[in-house]
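Asks: Place chain B on chain A using the hints.
First to last, the sequence lines map onto chains A and B.
Heads up, the first sequence is in this note's numbering, so the first residue is 1 and it goes up one at a time.
Heads up, the second sequence is in this note's numbering, so the first residue is 303 and it goes up one at a time.
These aren't lab readings, by the way, just hints derived from the structure by calculation.
One or more of the hints may lead you astray.
[To be verified] Quick look at which bits of chain A chain B covers, simulated, 3 or more residues with Cβ under 8 Å:
| id | stretch |
| --- | --- |
| 1 | 131 to 140 |
| 2 | 168 to 177 |
| 3 | 256 to 265 |
Every residue gets a Cβ at the ideal spot worked out from N, C-alpha and C, and that includes glycine.
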Amino acid sequence: MSQAAATSAVSTDPSRRARLAEFWYYFSENRGAVIGLVFFLFLVLLAIFAPIIAPHDPTAQYRDAVLIPPVWQEGGRAEFLLGTDAVGRDMLSRLIYGTQFSLFVGVIVTTLSLVGGIFIGVIAGYFRGWVDTVIMRVMDIILAFPSLLLALVLVAVLGPGLTNAMIAIALVFQPHFVRLTRAAVMGEKTRDYVVAAKVAGAGHGRLMFKTILPNCMAPLIVQATLSFSSAILDAAALGFLGMGAQPPTPEWGTMLAEAREFIQSKWWVVTLPGVAILVTVLAINLMGDGLRDALDPKLKRS
Amino acid sequence: MFRFLLGRLAVLIPTFIGVSIIAFSFIRMLPGDPVALLSGERVMSPERHAEISHALGFDRPIVIQYFDYLWGVVQGDFGMSIVTKKPVIDQFFELFPATLELSLCAIIFAIVLGIPAGVIAAIKRGSFVDQTIMGTALVGFSMPIFWWGLLLIMLVSGILQWTPVSGRISLMYFFPPVTGFMLIDSLLSGQAGAFKSAGGHLILPPIVVGTIPLAGIARQTRRRCLKCFWETMCARRVPRASRPSVSSASMRSEMR
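Chain B on its own, in the form it takes in the complex:
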């Protein structure tokens, strides 16, 4: 077992190096000169351009730059942002809780709705309820979510005016971030209505992000449930006549 884990870890290292090479070279291959971009609207003299390039290390050979980057990454140093002059890792962790909060809400939404939907569909197999749930799940599975988001904003935020259009909390509230999670921070701030506002901003996004996982979970749950039902019935020697018919394609497809 230990050897197996070690083998897996040994496999990780070349993959990690490959990923770092690709990430590094893509950033360099993107069109646009970061130094020229720094100067903005103003025109930069060639001497100044060379000076800044030297200060940022862009004049060194690309391979040296890569190893410099890799050495930094191994030590947990992802470099400085040349725009804000703050460490990249700090900026990452400033915004990462927002992503985490959204993903957590989305996956909770998907699980809480998806598993019961799948179980109900399995119990009522072949009925109208089953067909409706599975039909809806397939529609969700095929959803272009960038459009689904627009559509929900149009309906729920635009016409019904139930939820805000964008942002994480209303501009009326301000408090210093403690955990970075808006739901927790708004509670901790103790301001009246702040939590409600944060919650209202966190309704539509998880629904949109969670739609495809929800559909996948419902389909998967139904399939597993049917397989279980079948095996249980076989094990208990339920007479063949009272078992559900296995001749239909829909039933057979659930037995994978």
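So here's chain A without its partners, still in its complex pose:
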């Protein structure tokens, strides 16, 4: 019943489609954003079809092919396009599988901190009073620590691993979403349409999540793309410090940590995972810039 209502709402509501078209118009005007989007979609495909695309198993060790350089360098072999690492694993396959972990981290961390942050933030902004005070003090305490340091200690307490790293990063990112949501809710709460809904008899839950929340989403979406890229960076940093994904997981930060000793001699094991992180984060940030421009109502007037 509710599903039928939702679909009919989509098809009969002309404003929604118009809004989407308007959004796409502004987004596609930004060339960088479109390039970022295309590259991001490419990464998503790479992650989904990694088992088909990757030429080798990411953890298979070829004992006769240790530290082989990329194919275009002297001594390179055609079966290892980007060379092999210290225990003879194919770099290209590991990089391709690494996309899975990075995007996974980004999605999970952003979802966790976004959903948690929205829930807490709406409650703080809607009820105000002592609930608000307590919530905001707790958020201040989290913000008082440098984020990567707090994540590092959290992971050390919980035990190293990708899951715990994601939980820690999500917790550290939470306060930003709480603050944004709270500010937006406080701005909307006194508007006429909210008062009208209240007079019409809407309960607290409906007022909070159905009436007010949909009008607070724009800054949250922008913050979500920002934290998507920061989550990938932080997870890679934790992996690099030995606190994120554990070897032999082909996570880019972990790969960099294993490559540290070859910094003077074997450039490809050090350079390639970093390039992968940089390019992924860059694509998402490009998209984020475009989203910010397209979603900001202040910019659309002229």
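Replies: Then chain B, alone, in the frame of chain A:
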């Protein structure tokens, strides 16, 4: 105003207590037994273990230990290091100047390059120069700095051999710390070449640490400059035709 400041201060106190609780409990929740760690490779008898635990106060209830710690912190006493037997605060201030020196150099690097870059990009808005600067800034903004550091060491220290790989000064020089800032101390020591060595060790680290702030400053400066240009032109009644076009998304995004 005074009341406002007082209110802000009153807010600080619960935050400070919360931070101290978290810092204290995290240290306790970390895996590993500090007393067992003290014994190192040798095996410690249970009696000896209990004795040391008692001497260090680890056998008291955790809440008592916390209040003991908090009371010390309020008086500026952060306790003794159980490894070096020196006050923690002294050890902190021995090494803190190094952090301060690095951060100062990094932020100077970021400001000195970032502000002109942003201003130039704003003046040449939409041109090739602008796109190059802003593209570079976005790359810097997305940089995994732990990798960026490795890469610079590999290129500048490894292949080009321009800068040393690590440390604060060459082992050839030794002088007692006066200010704790290596640049100042090396000058004060009067040893030939000491300042140059200290300076050489302080080139790559600030660049790496300052990269993300640099990119942020350049982006921010450009945005503010464009906003200023626009407002000035509106105020001086520059004819609409000779104002920069506001219809493009890039221009509009700078007007926030």
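Asks: Which hint numbers does the structure go against, in order from smallest to largest?
Replies: 2
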